[in-house]
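Engineer: Here's the letter readout for the chains.
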Amino acid sequence: MAKKKVMTSGGVEVRQKPLGLRIWNNRGYYIMFIPVLVFLLIMHYWPMLGVRYAFYDYKPVGTPTPVGFAHFQKMFSTPAFWTAFWNTLELSIANLLLTNVAAVVVSIFLNEMKNLFAKKTLQTIIYLPHFMSWAVVASIFSLFLSPSSTGMVNGILRDWGILGEADKNIYFLANTSWWRPIYWFIQVWKETGWGTIIYLATLSGINPELYEAADIDGASRMQKIRFVTLPALANTIITVLILNLAKVMNLFESVFVLYNNAVYEVSDVIATYIYRQTFAIALPNYGYSTAVGLFRSLVGCVLVLACNQASKKVRGRGIV
Amino acid sequence: MKKKALSLLLASTMVVSLAACGGKSDAPASDTTDNSNSTATDNSSTTTPAADTNTNTEAPADTASGEKADYHEVLKDGITIVVDGTLTASADNGQADFEKQWEEAVGIDLTIQQLDHSGYQDAVGRLFAGGDYPDAMIMAAGMFKQYAPTGLLWDLSDAYANAEFQNRITLTAINENLKDKDGHLYGFAPAYGNGCVTYVKKAWLDAVGIDASSIKTYDDYYNMLKAFHDGDPDGNGVDGDTYGVIAAGFLGNEAPYINYLPEFWQGAYPALYQKDGKWVDGFQEDATKEALLRLQQAYADGAIDPETLTASTKIAREKWFSNDQKGSAGVFTYWAGTWYQNLTDNLIKNEVNEELVQLPPIKEITDTFGGYLNREAPVWVIIDQGDPVRNQAVFDALFDTMLDGDVVQTLWVYGAEDVHWSTKAEEFTTNAGTDKEKSYSYADGEFHMKPSPNDPNTLWKKNHLDSALVISPLTNGFTAESDLMAEGNKFFTENCVDAPSTPVSETYTNESGTIYDAKLAVVTAVVVDGGDVDAAMQTYVDTVGSIVDQCLAELNQ
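These protein sequences, in sequence, are chains A and B. So that you can map any letter, position 182 of the first sequence is 229 in this note's numbering, and since no number is skipped, the others follow by simple counting. So that you can map any letter, position 104 of the second sequence is 407 in this note's numbering, and since no number is skipped, the others follow by simple counting.
Hint data in this document are derived by calculation from the structure and do not stem from the laboratory. Fair warning: there could be bad hints in the mix.
[To be verified] Selected chain A positions facing chain B (in silico; Cβ < 8 Å):
| no. | residue |
| --- | --- |
| 1 | Val108 |
| 2 | Pro126 |
| 3 | Ala127 |
| 4 | Ser193 |
| 5 | Pro194 |
| 6 | Ser195 |
| 7 | Asn216 |
| 8 | Ala309 |
| 9 | Ala327 |
| 10 | Ile328 |
| 11 | Ala329 |
No residue lacks a Cβ here, since even glycine has one placed at the ideal position from N, Cα and C.
With the rest of the complex left out, here is chain B (with noise of 0.2 Å):
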């Protein structure tokens, strides 16, 4: 019997000790005056951020009264951000100087964790799943709506409209419209958006004998796309081994979701969206099935890259500015501004002919959206430590510094000085000893760009914060935005209109990757496997139909 009961106690450990895999031991705190000690730089700390933000919403008492405390005073122990990928200055490309300079200018620790930009969400996902709560972080808007309720951020309001750099900033409208309807402000956005554009390989369309003015609707795009994979722009002498466009995925995970196939999707919005005041599923709607249809054509003609399905967009871009040209594709829809300089450079690089053409948006998409779409910025979140002086003084370290129009602002926008960019005279080469090989000379106290710590074949293009998109120029007189990154933010500013935004509920935030996944199985029975649209969209309906329907009534009560 005692056998027994011991087989028994030792089986049920053996369950439990399998499932605990799955589980989280560490015990958030259950409200803020838990938490009033924690710091953020004790990672190890197994405590929650405050989870009941009503404390913690009000200014700081110092901040009512009108003096800040001393930052310096209070984040002696520095503090921790995490960033994505947009912080260019990764670790193999003068991190640590970026990281050392800040410190010096700001005059505290600043610890930088810097995540896997694909992989964003998972890994902070993991990282809070593991208790580890930064003091601020960069978030997507996407995440961010979602987060923004729960009160883990910091009401910045009061912070942002007492900031040093309000007297400032030029484009006040961004951060406004961050505002939930009681005036709380849990993100802050230093920049816009930015959209995608799409681009043409100019010598693709040479090939072809195809003007790109010439290309006003969808049926002329959809011809030079036919054209790029019938015929042989590449010159390889084989017809039929290339693609018309490539992209990382047919409909993207992150709002606004359809910007890298703009063309295909036109009109259709696949998601939750605001319709006339009121919400509804853009999946469900004949726009989309159209757009469904389209991409099925697209993907039975060649017209796109079978591998667009799966691709990454590190795979895409890499498959699009390839050396081999064989199997890549004339059209790729990607960021603009920086990227038309970066596309162009990797262009370079590879030894492929690098003359872009940026396509105007097509009819289809102008008498709908009215332009290519400008994302909902991401944007900078504090953590909320359940401390608001420590909250303020992470506001006043961080942001506030961030867009001080000099030194600091500078590093975000430019990176670190001697190791991205300088003022020093000096000269230099880039692709020494090819045909691309150009020569770089700048005089004492010429503000210019260095070569990339990590490719000295590339000039330094910018950091974290796009000088063209910042809510806050910098007054120090510094700039080298290259004439293609000129022309490519300024032809999206020409072509763009503002996404429509993200929704908010609980069953949204809880069933979004169910949702998603469904709405993946739709894209693929019809695109990729041929599959009756309607068909496919009833499996849809039948397997998060009622999901959908709880969502929308959340977001319309």
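Bound conformation, chain A alone (with noise of 0.2 Å):
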């Protein structure tokens, strides 16, 4: 077989080997891969056969039916789906955009740092929240934000004159207004100290001599953070965001343990409308559950993809 004419990015025409050829010369690598490859087929492709019952009546007793889109139908139809699908939408964004910011922002506060010691200590401490459990975070939150005369943030906004004698107790986590804000602080609570890792290690990377070139040119503290750091941040800030934003449908965890039947309007997701339509009543239909399953899948492939695109063009290569 003739060999197959490859041009490389310098331009130099070079002759490829068949591909039978290079698998044989690399068998040992092969073999050791195929362990990897047997865990992707059993792990992951062979569960996707699972996405056929989104086209079925498919309860936990009986034989599944198909229905065609009679499960897509009713999703499109349905209210809350759409509530879900926004709120998802929204909450994610707006977390990847609180976190990251306050991650880059104390990122270089950390970097101004001059004492090791300290930076080492607050390092550690604002890293803490990220091994909580979301559980253990939605306990504790949910004590310090009670609204019953035991609740601490209303007992303070009560000592300092903010809530009066006639005022009622504020019941931040079953209030549409107030849920939002508080999910945000929480989540900028528990996840910048991790956020600032990769900011912290790009920050490192800077040469010194674009600041001492900064010093001699007479620039302010600030100057510097405006015209050297941020610069140098800002590939890596567009980087965490756009493979960050392929997995906003991926929203769970941290919503199931703080919401509750008041703010469905406001914090419903998508993950969370799945769980309660497959979990939270006695006969679920998975098929339904699978529908709405494989719909934010799609939505989230298309962000993938956009992101890809948006990525070849900032950094000159895809992510997938």
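Got two chains here, each in a separate frame; can you build the complex from them with the hints?
Structural biologist: Given below as structure tokens:
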């Protein structure tokens, strides 16, 4: 078999050996890859067959019966689904922006700290919330924000005179005006520290000569941040945003532990909607849940592809 | 071109791989014959229990001929059961001993899978979604009603009729009422359902100067709640930091839905129920609107703890009997009988005055329902494995022995011997070193409860079956009902009526979650946000009105 001609990026023409020969020559690597391939096929590809149930009535009992696109029709005509869909996008995208802005600010602040001990201590403290489970975080904040007379935040508001004698305690987690700000605050508190890791790594890679040059030019501290640090971080910020944008449809745990029926309007997301449709009724129809899940995946896929395109434009290479 | 095709393929793969998380890969069996060889203990099996009961409703051939197969032989591999928190002998409370003694008494292996009580329905859904079907399990009435017509459950009417315990049953109506119109019996209730009564802290009543016997109407009740909130019943010197009543939600998601706040709901039944022989939506009735307005007023006045909106039963009761009574409530409507003793014990443990008053139903309740609601009983069901002989064997080994009147029934009623109870001479002390210290001394042969395995300061009370509610009493003379439990059971029996039955229709089964969400939206809008009840109700009608109409049409066919 003739060797295939391939042009390298440097414009040099090389001849490539046939695929079979290349596999044979690298058979050791291919053999090592077999367990991974088997794992992928069993754990990732075999379950994909389950998506066919989006087109079936499928309950814990009985034989699945085909229903065509009935579940999708029901889904698109259900207001609760659309509420959950838009909530997912709004909550996730705001999460992404807020946590990243906070992570950048905190990273720059940490980078500017001269006392190494204080810097390390602060870093450890702000990383800690990331390692707490969402269930624990929800319990803590539920106690702090309790509307009863034992709630700490309401107590402070009352002590400071912000809540008067005639005012009722604020039920933060059951109030549609308060729920989202509280949720975003908790997200930022929990994830900012973890988010700083990648930015601190980038900051440590900035050439010190740039700062020296800025010093020579008489730049102030703020000017150095503005004209040296931030431009150096820009590429990383965009990369992190793009990579995380692909995951915006995956919001579940943080919402699940903090929401309640009083705030479905502003808090219910696709994943919690699926959860309730699947597990909160005695005899669920998995077909409907799968249909909603498939739609969520389609949106996620579109976002991944869009991010890939954006990544190619910004970084010169894609993410998939 | 190849690259684009490859990209498209990869993209499609990604979509389905992400979506697959919401699906289920196990294909259920299409009919019973596929499952005839499946065994219950093989939880890894991907087969689903029989979907079509038509072939399985007949008694097994050997039963019909009058000879039962020996369950020891049929169940050599043991049986698996799924239970909720009503099996009080939990993993940290002597379950291993219960299991061991049951296995010794019955002669087969038993595997108990105990799921989280408050999320039992969800957990069962997840279990079934994973293709894990036990031999038998507990189902609450509402859950049972939805599963009964599906074919998942074995019709045990013949097994029940021929059960060994039949000649000892003193309360036959409960299981007869569980039969469908064709006489099929898909669940077995070994005990009555029980219900909730309203408990009031006596010390709080004394502190605000109210005599419990004077609380006869809603106005009396409400004035008491107001006094608990406005005054200082906990004696910490601060007015207004306590509440009248706390509950786990304004509206429950399990029948009879209103049992945690009966004084507010009064004659309203905010669910589908039968009225004059016809199914109606009680949620849209005027009685419900009036109840919502009462709740709205109470919420605004601080008569109800605002956390009622989101509190689980565990949170509600722990707040009620917590050591620090600031933020607690004076009234708590909870389960009768054993829980009368449990609540008292917890108050003692937390060093709070333990004296409680059981409030008789107020006039508005007796004039409408007639009393506190006795819920439909939870039932035990056998998952139809497509093998009538095995199903019968499970019945014989599990249900028939559960009411044997002797050793096995004692295990279900009181727990494991010498772990939860004993007849040996012994002495022990609870709450040693405190002013609640109490010593117990028993002679040899005297039946008595031992300290709970996970709480040596509290006496064990019961296991799964309540001795006062069980349909067939023990014949060995063992009884350990405390005075409070006996008083509580008697009080409830004298003041209860049966709750309306739960509906069964295909649309209701599919949409009950959506309907419940819509109801909660109304309750929140009216009670918490202080909104207009008619406007909120109109939203309910706009959101799920057509679904409810469909349910009613099916039910009234």
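Engineer: Now, for every hint given, state plainly whether the structure supports it.
Structural biologist: Results for each hint:
| no. | hint | result |
| --- | --- | --- |
| 1 | Val108 | holds, 4 Å |
| 2 | Pro126 | holds, 7 Å |
| 3 | Ala127 | holds, 7 Å |
| 4 | Ser193 | holds, 6 Å |
| 5 | Pro194 | holds, 4 Å |
| 6 | Ser195 | holds, 5 Å |
| 7 | Asn216 | holds, 7 Å |
| 8 | Ala309 | holds, 4 Å |
| 9 | Ala327 | holds, 5 Å |
| 10 | Ile328 | holds, 4 Å |
| 11 | Ala329 | holds, 4 Å |
Taken one by one, the earlier hints all hold for this structure without exception.
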